[in-house]
Amino acid sequence: MDSAILFTGYIYAFAAGLLGTTFFMIVDLQKKITDSSQSELRDMWTFRMIGLRCAFGLGAVTILYFFFQTELLGEGVWPDVSKLGFEAPTREVERGPLKGSTYRLPNQNTSLLIVWSFLAGYSQTFVPRLLSKTTKED
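Residue numbers (our numbering): 4 to 141.
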């Protein structure tokens, strides 16, 4: 197992989780904006609260990433963290500033990691429910 790939996988998970958390906050704001007063919105959306929500989402992604490494979830729709990577180059850029560069798409395990990390960041209950379910099975 290549440790550089695992570290890169964590960066992908981290970024996808942060994006999921951000999406959640935007959707949450859209739901509450019509029913809340200006002072309530100001109190709910302080820098401290935004930071706390981001930290919670990133914490969930971190737990999920290491959960995937333990292989406690078994096989199925979960990524195999030891097999993260990219497919062979699929196409070369023909013009522009990136001329000569090639496109490389993530393999299935990398794509699954990104999707699950986004969901972990977006859903505030996904990782707690997953932990609860796993501890009940033991």
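Keep in mind that a hint or two might mislead.
[To be verified] Below, simulated EDC-like cross-link-like pairs (lysine to aspartate or glutamate); rule was C-alpha separation at most 16 Å, straight line: (1) 136 x 74; (2) 86 x 74; (3) 35 x 46.
No lab work stands behind these hints, which were simulated from the structure alone. Keep in mind that this is a model prediction, so the values were computed, not measured.
* Of all the hints given earlier, name the ones this structure violates by number, lowest first. => As far as the earlier hints go, not one is violated by this structure.
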